[in-house]
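Engineer: Residue numbers (my numbering), protein chains in the order written: chain A, 1 to 272; chain B, 1 to 272.
Hints listed in this document are in silico derivations from the structure and should not be mistaken for laboratory results. A few of these clues could be false.
Treat identical chains as interchangeable: a pair holds within one or across any two.
[As the list claims (entries may be wrong)] For lysine-lysine, the following DSS-like pairs were computed, each having C-alpha atoms within a straight-line distance of at most 30 Å:
no.: 1; residue 1: Lys4; residue 2: Lys27
no.: 2; residue 1: Lys151; residue 2: Lys174
no.: 3; residue 1: Lys105; residue 2: Lys83
no.: 4; residue 1: Lys4; residue 2: Lys151
no.: 5; residue 1: Lys80; residue 2: Lys27
no.: 6; residue 1: Lys26; residue 2: Lys160
no.: 7; residue 1: Lys174; residue 2: Lys27
no.: 8; residue 1: Lys44; residue 2: Lys83
no.: 9; residue 1: Lys173; residue 2: Lys44
no.: 10; residue 1: Lys105; residue 2: Lys26
Residue-level listing of the chains:
Number of protein chains: 2
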Amino acid sequence: MNRKQLTDNIRAKRSYLCVGLDTDIKKIPQHLLELEDPIFEFNKAIIDATAPYCVAYKPNLAFYESLGVAGWIALEKTVKYIKANYPDQFVIADAKRGDIGNTSKMYARALFEELDVDAVTVAPYMGEDSVTPFLGYEGKWVILLALTSNKGSLDFQHIKDESGQPLFESVMKKSQQWASSDEMMYVCGATQADMFDEIRRISPNHFLLVPGVGAQGGSLEEVSKRGMTEDCGLLVNSSHGIIYASTGTDFAERAAEEARKLRDQMSELLNF
Amino acid sequence: MNRKQLTDNIRAKRSYLCVGLDTDIKKIPQHLLELEDPIFEFNKAIIDATAPYCVAYKPNLAFYESLGVAGWIALEKTVKYIKANYPDQFVIADAKRGDIGNTSKMYARALFEELDVDAVTVAPYMGEDSVTPFLGYEGKWVILLALTSNKGSLDFQHIKDESGQPLFESVMKKSQQWASSDEMMYVCGATQADMFDEIRRISPNHFLLVPGVGAQGGSLEEVSKRGMTEDCGLLVNSSHGIIYASTGTDFAERAAEEARKLRDQMSELLNF
C-alpha cells in the first residue's frame, strides 16, 4: 500500500487508528478456548467488529511466537483473513527485527513475501545494513524504532552525543539517508508527546506509528496536535484498550465500541 | 546450563566453538530437497558431524521464520534433537528480540519455555524493561548485542556521549546493573577485535559470543588473545564456513573437517 492509498483510507474513514492484535491465549474470553483455533477466532471477531473504525492492524509477533507452530498458523490465517476481506487495511508485523544484512534479508522475505504484510517494525541498533534489506519492496514499509513508549526508552534513546544530539535523533537523521518518507515510518511513543515538536522538526513529513495511547498513558490529543501533517502522517495504535475491553461473550461489540470512540475523537482532531 | 557446566564442556572438548545453524533452503545440498523436511535433515547431519568439536549451536531464527510454519517445525525439531542427543551442547536462539516489557515476556516464554533453548540474543535499544523479562529463568541466559560484527555497527554503536563514552559501552555498563555474569553475555563481533581490550576493561568476566570469524573476516587468534578470561569466557561462532563448506553429498564430512580445524586452533589458544 502506498502513501496515497493509506491517506485516502484515513480520509474516507476519518480515522488514523491502528488496532494492535496482541492476542494472548491467557487473556481472551474463556468460551473461545473450546474452538479449534481460539487465537484466530478471537482475531477474526475483533477484525470484523473494528474494521469500520480503523485503517490498520498490527499483530505483535511475540504473542504468536509464544505459541510455537500453532501461533504461526494463527498469525498467517489472520493476515490472510484481513487481506481477503478488508484489502484497504494496512497490516503491520510488529516484529522489531534487525540483524546483519543477509539475515535481515531472510526476515524481509519471511514477512513481506511469505506473510505478505504491508510494513515491519525494525530495530536500528545494528545500523544501515540491518535495515536496508527491508527496503525496495514496492508498496511495503519499514517502521524504524526511534523513540519507544516504554520506561526503558530512557536508558539509551535519550543519550546525547558530543554535539548534544540524542540517540533517537541520530537514528532518525541517519536513516533518512537510507529511505524516503514513501517507504519509511518511525515508531514514536505517545508517552513522549513532549518530544513530538522536536520529532517533527527532524522529520516533518514521515508517517509516525504511535503506540502508548490509552493503557500506557499517552494522550491522543497531545500527539495529534503536535504530530499531525497535512495528510495526517500518524497511525495511532491501541491494543489492550480495544481488544480486551471485555472478556465476556460481548468482547467484539465492546471492542467495536472502544474503536468507534477513538475514531470519533480522531475525526475531530483531523485537520481535513 | 550454568557457567560451570559450560566451562567444563569447554575444558573437556578443548573447544569454544559455536556452530551457527543459518540453514537456508536455497543453499543446502540439492539431494536433501527430496526429503520431507530438508532443513531438519540438513541440521541433523551437521549436528551429528560437528558435535565432537563444538560446545554450542546457534540457530538464527530468521532462516526458519522465512519458511513460515514449516520453518518453525524444523526449528523445534532441531532444538529437540540437540537436547535429546547432545545434552551438553549450549543452544542459543539468535533472535535479537527486544520489545516493551509484557511483549518481551511473551518472547521469553516462546524461547525459554516453548522452544527450551539455553540462551537468547536480545537487542538493547528499548532498554531495561525490554531485557529483564528474559532474566530469572534458572540456567538460561540473555546475550545482549553490544558491538556487532557488521558494517552498520559503525552507524550508532560507536556514537560517543557527552563524556566520550561510545554507545556500546553505555549498553555494557548499564546492563551490568540488571544481571550478573552468570546470566548475561554480550555479542562482540570479531571484526572489531581492536576493541576487545576495551571490552574486557568494561566487562572483565562476562562471556562473549563472538560472530564474524571466517567469512566476515575476523581473526580467531586476535579475539582469543584479547578476549579470553581464566575460564575461557568466549564462544566463537562460525556459520557459513562450516555448514556450507561443501554443497555436495559430502557436506557433513566437510563441515566436520572445518569444525575440527577450528577446534584444533582453539585447543592451542586455550590458556588451560
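Engineer: Quick check: which numbered hints come out false for this structure?
Structural biologist: 1, 4, 6, 7, 9
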